[in-house]
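Protein chains in written order, with the UniProt record's numbering: chain A, 1 to 131; chain B, 1 to 548.
It cannot be assumed that every hint is accurate.
Subject to a maximum C-alpha distance of 25 angstroms in a straight line, what follows is the list of computed DSS-like cross-link-like pairs (lysine-lysine) [as the list claims (entries may be wrong)]:
#1 A/Lys108 with B/Lys532
#2 B/Lys456 with A/Lys99
#3 A/Lys103 with B/Lys291
#4 B/Lys456 with A/Lys108
#5 B/Lys224 with A/Lys103
#6 B/Lys533 with A/Lys108
#7 B/Lys295 with A/Lys103
#8 B/Lys533 with A/Lys103
#9 B/Lys295 with A/Lys99
#10 B/Lys242 with B/Lys224
Facing chain A, according to a computed beta carbon distance under 10 angstroms, are these residues of chain B, among others [what the hints assert, rightly or not]:
#11 Ala31
#12 Leu96
#13 Asn228
#14 Gly546
No lab work stands behind these hints: they were computed from the structure.
C-beta atoms are modelled at their ideal positions from N, C-alpha and C, and glycine is treated no differently.
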Amino acid sequence: MDTAPEHASSGPPGPRDYTDVQQSAEFGELRRSYRSFVFPLTVAFIVWYLLYVLLSNYAGGFMEMQVVGHINVALVFGLAQFLSTFLIAWWYSRFAALKLDPKAEALKTRLEGENSRRQGTDSTGSEERDA
Amino acid sequence: MSLTHQLAAPATQLAAEGATQHRPLIISLFAVFVVATLAITIWAGRRTKDATDYYAGGRSFTGFQNGLAISGDYMSAASFLGIAGAIALAGYDGFLYSIGFLVAWLVALLLVAEPLRNSGRYTMGDVLAYRMRQRPVRTAAGVSTIVVSIFYLLAQMVGAGALVALLLGITGEAGKNLIVVFVGIVMILYVTIGGMKGTTWVQMIKACLLIGGTLVITVLVFHKFNYNLSSLLGAAAENSGKGKSFLEPGLKYGVSTTSKIDFISLGIALVLGTAGLPHILIRFYTVPTAKAARKSVNWAIGIIGVFYLMTIALGFGAAALLSSKTITDSNAAGNTAAPLLAQAIGGGPDSAGGAFLLAMISAVAFATILAVVAGLTLAASSSFAHDLYANVIRRGKATEKEEVKAARVSAIIIGGVAIGLGIFAGKLNVAGLVALAFAVAASANLPTLLYSLFWKRFTTGGALWSIYGGLISSVLLVFFSPVVTGKETSMFPDVDFAWFPLENPGLISIPLGFLLGWIGSLVSKDEGAGGKKYAELEVRSMTGTGAH
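Take these sequences, add in the hints, and give me the full structure.
Below is the structure:
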């Protein structure tokens, strides 16, 4: 188990410096998995949405093609936007629960343990510092 | 952009003459809703003890409850009545709104909800002020929050007056003003007595009523067409008199090059605006953890998505079962299409079923307006009290009691302003206001929020450039657009200084907001960029360490 640097041991508890945590491999891994998932996905759904907006504007012939009965491509495309929104929400939530939450919680538990130890020496249990 | 177009136009003789006849029934349903929600508000008020209770409902709501409440806050009269009306008159083009309003939630889910919940306390300003110089950034955040909320609020208030007047068959100016005052007073009571707790319960009840009411009408419409979507669409196209083109894009926005570009601008503002709307952002603070915030957005996406799917049935159902003349005679923008459809599907104006469904949908519309204005007032007054009063004016020295008192007082003032503007603006076209609120939120709030959370080199200077730049450019562009002058549908049709051709400024002002945030950060040399504060914000926003 890795031990965190003990800056706080020498002196009264001030605002904690999180730079070491930010630079740590553990946190870097959490940030990388979060960003490499959500950033491309955000670009993708915005492009997909804009494609829909632009096709509605400039591709009338394509959008009015009949699919079945009175249901045309435009309607199917619109409903596909609903479907993709539901799917992306579900996909992100599953990813977050599997890949992000365990890492975030491990870090949080460790940091809050440290913080209360830092403060435990001279205060009796106010764990939270005001933002 | 004419979701709420001419909502305020003088009520021509109400096609739903039944409204006058069945006024007692509608009023009783209104009254039940108001009394019930006020009782809950008082109950919640008794349980509101400290600032966290007042601003964030004690962070005691579950993901599902908050998801319902978010849906309640989000599904305004513009989406319920406006989209149904837009589809009923413009066919497929009306449906385009639903899509933008829904897809927008992915921005909130992926980028905003969880980090905001982890790092802030009560307002959007909390997150921005984390790594920046407090006072200038909080001032900017407070100003843009209040501006966005007031524009949104104004649109809802004018809508409330005109719409409820129409549904109740009141045609006089005085009657309409009375309704605006009444709506304002009830909203002030919700917010000042119940705080976030009371308001959240009102949102939940309203969301259930809205979904329930819409579901009943949707099922009845589908039943009429043997649960066959294609025959519903066919009947709508035929009855609209516009044939096949009614089911295709372009009827409304495909007219000219300008209208097409305007449509792109609107599309961008809709999809990026939601995650910057202050009354939506503060909802993420009402749950205990970031995971619960994620869950609440997921519920909201589900509920709002199903609701917008039902607007298809409402809109095309109205087009299929009512003549477009019936719809436009009642309200030129089609805002009463949904209540008229309810009446028709229940058996027509003279039947008991028709009267009951009309009364039900009217009461739902009223509940919708009340709940949304309460959410907006709470957002504006929270930001005033927490950002401007406590942290700028009193420099963080105000006690919790003083801060909550300031929030209550400012809710009364903002409510009063909304009443006044609602009465003054009674004759104005409110179409631009909702779209403007979205565009301002996307231009001023979203860039700063995203830069603060994700960009190491963002600075106080960048934040100020971005907020003020986005805010001023979007408001100015609207001021010089056809929304304000130069067209028959403008606020001031007799004057013309509209040199900006688009009705929605988003296409210009949103990229400008992002650009200014970037340039501002490059030229200004202050802390906030990188360093210890960003380290703390980043660690806290991603892990929830020390979250309130």
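If any of the earlier hints don't hold here, list their numbers in rising order.
5, 11
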